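Using my numbering, the letters of the sequence shown correspond one by one to residues 1250 to 1320.
Worth flagging that the hints you see were computed from the coordinates, not collected in a lab.
Source: prediction; values computed, not measured.
Hints may contain errors.
[What the hints assert, rightly or not] Calculated cross-link-like contacts (lysine to aspartate or glutamate; reagent style EDC-like; alpha-carbon spacing at most 20 Å):
#1 K1257 x D1313
#2 K1254 x E1291
#3 K1257 x E1291
#4 K1254 x D1313
#5 K1254 x E1294
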Amino acid sequence: MANDKINKDMTFGDLLRRFPRAAPILTGYGMHCIGCHIAVTETIEQGARAHGMDDGTIQKMLQDLNQNATI
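Build out the structure end to end from the sequences listed, making use of the hints.
Quick look at the structure:
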């Protein structure tokens, strides 16, 4: 379903609530968002940029999340 696709505008809070399997994938990219108080309202793109990720890395992470966290 289209609305089950993880995208850069989704907040970490929504992502982790809907797709708990995303947590270890995020950690693998150096994003330890589970315990961060900002994660509730911060988007995936905002967090990724704050961690110095470029467009290519963000797209790879989103692809990885969609392939492995939404199953």
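Now the hints, each set against the structure:
no. : hint          : verdict
1   : K1257 x D1313 : 13 Å, holds
2   : K1254 x E1291 : 18 Å, holds
3   : K1257 x E1291 : 10 Å, holds
4   : K1254 x D1313 : 12 Å, holds
5   : K1254 x E1294 : 15 Å, holds
Checked against the numbered hints given earlier, this structure breaks none of them.
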